[in-house]
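Novice: If you want the building blocks of each chain, they are given just below.
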Amino acid sequence: MSVVLAWIVLLPLCSFVLLGAMYLFSITQRRIAQRYFTFVALFSPAVVFVLGLAALRELILLGHALHYRAYVWLHVGDYRIDMGFLGDKLSLFMVFFITLVSGLIHLYATSYMNKDEGYGKFFAYFHLFTACMLLLVLADGPLMLFIGWEGVGLCSYLLIGFYYQNNANVVAGNKAFIVNRVGDLGFLIGLAMLFFYGQSHDFSYETLALHIGAVPSEILTGIAVALFVGAMGKSAQIPLYVWLPDAMAGPTPVSALIHAATMVTAGVYMVARFHFLYDLVPHVGIFIAYIGALSAFFAALIATKQSDIKKILAYSTMSQLGYMFVSVGLGAYDSALFHVFTHAFFKALLFMGAGAVIVALHHEQDIFKMGEMRRVMPVTYATMLIATLAISGIPPFAGFFSKDEILSVAFGSGHYELWLIGTVTAALSSYYMFRLFFVVFEGTHASHSRAHDVDWVMKAPLIVLAVGATFAGFLGLPELLGGKHLIGEWLAPWRREAFHLSHVVEEILIALNVVAALLGIAIAYRKFRFYDRRVAYKPEGIVYRKFYVDELYDVLFVQSIQRLSRFIAETMDKKLVDRVVMGMSRGFVAAGTRIAWVQNASVRLYAFIMIAGIGAASCYLLAVLR
Amino acid sequence: MIVSSLFSYVLVAMLLFSIGLLGVIARKNIFVIYMSIELMFNAINLLFVALAQYRHSYDGQIFAVLIIATAAAEAAVFLALIVVLFRRKQSLDADAFRALSQKEAA
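These protein sequence lines are chains A and B, in that order.
Taking the numbering used here, the leading residue of the first sequence gets 1, the next gets one more, and so forth.
Taking the numbering used here, the leading residue of the second sequence gets 1, the next gets one more, and so forth.
Think of the hints as simulated: they come from the structure by calculation, not from any bench.
Check the hints yourself; a few may be wrong.
[Said to hold, decoys possible] Restraint-style ranges between C-beta atoms, simulated for each label pair:
#1 A:S618 to B:Q61: 19 to 27 Å
#2 A:A590 to B:Y54: 49 to 57 Å
#3 B:D95 to A:G613: 15 to 23 Å
#4 B:L22 to A:V581: 30 to 38 Å
[Unchecked claim] Chain A is nowhere near these chain B residues, computed Cβ spacing over 12 Å in every case:
#5 V10
#6 G23
#7 I25
#8 Y58
Remember, predicted model here, so these are calculated numbers, not experimental data.
Using N, Cα and C, we set each Cβ at its ideal position, and we do this for glycine too.
Produce the entire structure from the sequences given, and follow the hints as far as they go.
Specialist: Following this line, the structure appears as structure tokens:
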């Protein structure tokens, strides 16, 4: 029965091939009606979701991890690498919410991308992405994970540059791809080290976990850091985060699915997957936690001044990913995954709500040109309110429980500065999220008469996700509030150590979190509740300019490399290589013309040369034979 | 004296050959070049006959007859060639035929 794992990956792959073939046929031969694309595009995610549930049921009934070996991929001597799928509690947990959220976003996208030129292409890429993401989480070894890892990166690149007619989008796609290459180099180095030092007969997590103890600790530290560099790139952490805000150039469903709900959490998943490794090097964990905390704070700070609705959400994604890394760094992988889970709901919802607003306003993304959208689109208004409350950490919405858990882990671990950064960031988060919310949906004197509400195909997924964003948190109700932490129990192996806090401390922490969130909301309310659209808002300053990090990277890396290549191209190549090559060829030509004088077709000269040659040969023979 | 007569034969053959060689190299007229080649032929022929006589063997003499026959055939081909060449350029100057030279091709 565990063959179902392979089908979870294969089905989206098949539909990708089918959609791609249909699209090619459609653009080269005869137009295929959009509804056929829609049918395939929606059928496959629905079936995959059901397959995921079936695998989950199988796992619960069996009581141990599902394992499916499709075939032997590499077999060298004793060494073998299987094309294998592992369906344990972690991966099927990921599969559950990936398929759920991606199914809803597919549905939403059928309306968002309606009548688009590249409708079929879009869904072909989407399905390829789904296949790669599911391969990433269902892989039973790092090598297969890497296939999925690169695959999702490729799809991200393709979809960011989806509207390739606009050069800025292409540049953004390139930026995402290149920054991710930097991270992936680290990841590859980590894998190579793991390969060399993990002496065994195969390369699956299982055997790696068994043999990891034999690896010297300095090497382990190196592997852990190198793998985390990969996670930095994929999950947009300092210093490799610069691609994520630019990645918003893609269509909004892409931002919702890839750059918010699923792909960017791959880094968190990867660290949790390698928990056997990270458990042995807690000092690397502390490093990860600090990177996460700094990213969270930094991103939240930048988000407070942005004016592009999708960029604000992008920075908030980076900020929430920072929380997750704080948690995995401190060994509480389950709390991080809980946050991944709730975040998938409310962040997908936020992006889809933002997409609805953008569609309603005919592709306007500047929040200061919106305003009073609650009148135009009440359903989106309500669901966005829920999502904003969830991300701000107001009980009882989903984000509250997971964020509170991460902050109490940070407090319980004794790293109070991490906790402090986290709490300040929480206040900032609720501030910038409600700033966005008030400016877009409230405000006064909006003058967009052309705005229209979106259709129900777009609204229905919003409502489903709003339900999720409201209730998903109850799956991880802390014991303090009289609940059972279902997710904590489910992912019990993914926790290094339990931090026990007294109930009083926990209550104080919860209260502080809520106070911080409310504080942020209050400030946003005072500043932006009655935001008047007629007053021109000109955001300026170093924060609005994102601390000039892009410019700094530009000078440090882009321009320096460009200068180096220009030096090589113009100085080295032209003046050194070309001169040598051209000099040689010119020399040959000159020598040739000189020698060609002999070939002047004068018969008499030929005769003379011939006779001189014979004479010389005769003299030589005479000298030799005597 | 046979030895001294052989020497004079060889001397004459060498003179004839040298004159022929000089003619091939120095003269421009194709006809003269052809005649010079024939001269060189006959120098060799003379050498063959003289040496055959000297060694009392008939091999060289047979060779000489063979060469005369070949030269007759060759004369027919050569004269035909000269006619064709003359028709082309209206000239018998060897330097006029430079189709294979670097400059002519360019």
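Novice: Does each hint fit the structure? Answer for all of them.
Specialist: Outcome of the hint check:
Range check, S618 of chain A to Q61 of chain B: about 26 Å between beta-carbon atoms, so the 19 to 27 Å window is met. Checking the proposed 49 to 57 Å range against A590 of chain A and Y54 of chain B shows it holds: the Cβ atoms sit about 55 Å from each other. In this structure, D95 of chain B and G613 of chain A meet the distance hint of 15 to 23 Å, their C-beta atoms being roughly 22 Å apart. Judged by the Cβ atoms, the range 30 to 38 Å given for L22 of chain B and V581 of chain A is violated: they are separated by roughly 48 Å.
At roughly 16 Å from the closest C-beta of chain A, the C-beta of V10 of chain B stays outside 12 Å, upholding its exclusion from the interface. Consistency note on G23 of chain B: stated as away from chain A, yet its beta-carbon is not over 12 Å from all of that chain's, at 10 Å minimum. Residue-level check failed: I25 of chain B sits 5 Å from the nearest beta carbon of chain A, not beyond 12 Å. With a closest Cβ-Cβ approach of about 28 Å to chain A, Y58 of chain B is found to remain outside the 12 Å limit, as its non-interface label requires.
Comparing the model with each earlier hint shows violations of hints 4, 6 and 7; every other hint is respected.
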